[in-house]
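Trainee: What follows is each chain in one-letter form.
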Amino acid sequence: MRLLRTHLTNAAHAGAPSTTRTRRTSRRGLLGIAIIIAVAAVVTSYVSFIGSDGEANASAELAALREQASPLLIYSEFGQLADTIWAADPNDPTDRAYVTTVEHSPGSGISASVSPDGAHLAYVVLPPGAGWFDSAQLWALEIESGAATLLAEHVGLRTTPVWTPAGDAVVVLRPAAGDSVQLLLVDLAGETTLLAEGQAGLYPIGVTPDGAWLYFASLSERGTDLQRVAISGGSPQVLAHLSDGYSRDWHLAPDGSGVAYLGQTSSSSISFDARVYDVASGAVQGAVAGLSGPQFNPIWDPAGGLTVGRAPSGEAAGSLVHVSANGSPDAAVALEGPAAGFPAIGFYVPLWWSPDGAHLVVRSFEGSSTANPGPSYVIVMGPAGDRQQLSPLSDVLVIGWLE
Amino acid sequence: MTRLLLASVAFVAAFAILVTSAPQVFGCAFSVSPTTYEPPISRSAHLTGLEMAGYNMIAPSNVFFGIPNVETGLRGERAFDEDPYVPPTLLKAIGYIESGIRQSQSGTFGGVEAVLESFDCGYGIMQITSGMTSPLDDGWPSLQQALVATHYLYDIGRGAAILVEKWNGAPEVRPIAGTDSVSHPRIVENWYFATWSYNGFTGPFAAIRSNHPASPSYAWPRSGFSCGALDDGYGHSYGDYPYQELVFGCAARPPSVSGEQLWDPLALSLPDTEDPLWGEPLSLETWTACTSGDSELACANWDLMDMPSPAPAHFDPVERPSDEAAEGAHGDPVLSVSHTSVDELATTVTITNIGQGILAWRADHEQEWFAIDKQAGVALGSDVICTLGVPCERDATLRITIAPNLAPTDGSFGWVNIISLTTGQLWQVGVTPPPVTAEPTNTPRPTFTPTAVPTPPPAVIVGDVNCNRTANSVDATLILQFGAGLISALLCPEGGDVNLDGRINVLDATLILQFEGGLIDRLPPP
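Those protein sequence lines, which keep their order, are chains A and B. Note that my numbering has the first sequence beginning at 130, numbered continuously upward. Note that my numbering has the second sequence beginning at 383, numbered continuously upward.
Simulated from the structure, these hints should not be mistaken for lab results. Because the structure is a prediction, the values reported are computed rather than measured. Just so it is clear, CB atoms sit at the ideal spot from N, CA and C, and this is done for glycine as well. Don't take each hint at face value.
[Unchecked claim] Covered stretches of chain B, as calculated for chain A (at least 3 residues, CB under 8 angstroms):
1) 445–454
2) 613–625
3) 652–658
4) 725–731
[Claimed, not checked] Residues of chain A clear of chain B, computed beta-carbon distances all greater than 10 angstroms:
5) Glu190
6) Ala198
7) Ser199
8) Thr223
9) Arg225
10) Asp246
11) Glu273
12) Pro294
13) Glu320
14) Ala341
15) Ser364
16) Gly374
17) Asp384
18) Asp402
19) Ile508
20) Asp515
Go ahead and model the full structure; you've got the sequences and the hints to work with.
Mentor: Right under this line is the structure:
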């Protein structure tokens, strides 16, 4: 590329700019070069995701693993130049199958999610050669075949794609003019629909089970609002003012009945407690009655219960608290405190329940507080209280489950 | 049909190869990428340069490459510290985050290569973008721009100067960190807001990339960032952290080269936002008050965001480099050029450093009837290390080409100015038009390329998307890269819709290649 530019600089013609001129006489040389380049093109094909022998083996490996274990945990391991996506048996995370590798701009890992039907994996990536402030690309990977399709460009890298229940489209963010941002619905053919736009920070949360509404949060100088917009189009509606300050980590209940999130506890401290917005009543209440202290990432279990992380308090390590769907705290031992082989200090942030409710994936921090969280790793907690580290790397992105 | 087929194959092939290359940068300070010398991969020279910058040893009396006096003191009591200083470890971390501490495009350590340029016109180790987006010297890159791009030491110096400018933005346009330590610059944590500003002082609801620590875009809580090994238990993905956390994390967990950490870890503290001492200054309410411009709100000049030093605070133990080390880094370049005059239609002159160290040079001329093929570069003294097997031309070349149809016939002449950027030594090469011959010769005439100088606002050239006034395969490649999302914009998009269908896509690229191949005579085709 650079050699080409130098050559052209020396070869340009003088005189008034024009794109009309006489034919060249160097056709033979051009044709010769074309033949050489064409041969090289066969070797260095741009369509890197067409199935090859290597990818066929990977697909077979994944298929075999799906036969023996379900659901499978899908996750990504960060690499400086590429992230690698795996599917693992949560009962034994060392038993895993390769899914794909996504090359990216040095140092900039992907964001990703699995479609509800398990057929596709959507990911947002800064392509190789892009800079920090460049916008990213949205791709869809067909999990079974390994074929990837570019769906959209100029997408915000920090977006985790939000799938429709039918698995036929995702919602992502796109930067727009004037420092504004758009929420886009992108289908698997790459057709885009503008759902909402604003100069606030917009955060897509989830699409309701009937596929009708996208719930999203907007953070502005007024605080955080919960909004929804019809997938079919229309103006966004403000459902609730979640906080005068920050709120975060919003999760739509599996049945669409509520949104769990963290709300700021006071204006003078950036500390959070878990809350639930009830769709039917519009009311907001604490996720766990009587639970005090800083809390982390409230997630839903498949049955509609909630799991919340708690920060360490004094000498005590952090813990996980589980609230069943009927509201009663669940004193399941498996979720309590540290276990043998794990540090006596530290705390957990819940990440994801398996669809069958048998496993809980958490991020385990070794530090003593949020100000000094220390190193962390992703842990899979099993039904018998067993805990296994998912990867030797810390930079693990839990993408979802494959049934 | 065969020619059309082969030309089409050529474009597909070119696309297959060229789109996997690093994208080109056009429209910044240089029309031709200058060369730069990249010190060896150990980074020893780079790190010495970063330490020199911290102690204002690169260009102490220079307002552009030297550190301005650093302010210290509380709001309303600010004064200049007598000893300009930036924590060297902080500069090292910034350099690594910005470029992996490399000056050249592909990291030709111990060699000479084109300078590292990014899409936003960031140059070199510190990715200097301020003042680098367009040539500033009457159409030519200025001496300062040339020195930023060609000499790693001055790129570093400029970066340090910019960081101090961000620091000195407080208290008028930035908050103060270190209200409990008279905001002393020797406390590294007090550079929190200045570091944040180096990458953009964006708030919690910035459209895409926020550097605010409370932005919901970032995980909460989160392990610190690390430039160390991927299995050290910390984070390594740039997109997962605000910029200042990348820098502080890299300072605490440095990278390694050949198994050796590049610097001693400095475990910097971040603000504990759960503590009101830091939580309130970083709250949404405070940010809004300080940035809304609403005079009814309580914040005046960012005072509500002032905060104590994140605790525990640290000094940087890195000591001032020796004067000998600084002299070695600067070298003592002496400019020599192979010609004092040229009178041929095309002549290549050689630029040599007959002294020591790196000679950074810039060339320019006023007359428009001849051209030069480069604007800036380097020539190396015999003492400069060239790594075996790495491209490392010690001498630079400059081709001077005369346009015979434009050359004066009244006996007047021109000259090319070649200046040594660090010493000011000037060498002029006189350019004299060759005598006009009565009979045409069989000697092929060299091709004349006008040197890039300002022109009146141009009309659109169909097929020209890189604004170089020519439609060729480079434009076709750029269109393909744009279509694939590998680049985010075209410099002259108005030239891209070759077939006038309202879109810029592969069809336009095909037509450009066919035009260059001589298969069609004009763009747009009839």
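Trainee: A separate judgement is required for each hint: does it hold in the structure or not?
Mentor: Now for the hints, and whether the structure bears them out:
no.	hint	result
1	445–454	violated (count 0)
2	613–625	holds (count 10)
3	652–658	holds (count 6)
4	725–731	violated (count 0)
5	Glu190	holds (23 angstroms)
6	Ala198	holds (26 angstroms)
7	Ser199	holds (28 angstroms)
8	Thr223	holds (16 angstroms)
9	Arg225	holds (17 angstroms)
10	Asp246	holds (27 angstroms)
11	Glu273	holds (25 angstroms)
12	Pro294	holds (24 angstroms)
13	Glu320	holds (16 angstroms)
14	Ala341	holds (25 angstroms)
15	Ser364	holds (20 angstroms)
16	Gly374	violated (5 angstroms)
17	Asp384	holds (24 angstroms)
18	Asp402	holds (12 angstroms)
19	Ile508	holds (13 angstroms)
20	Asp515	holds (21 angstroms)
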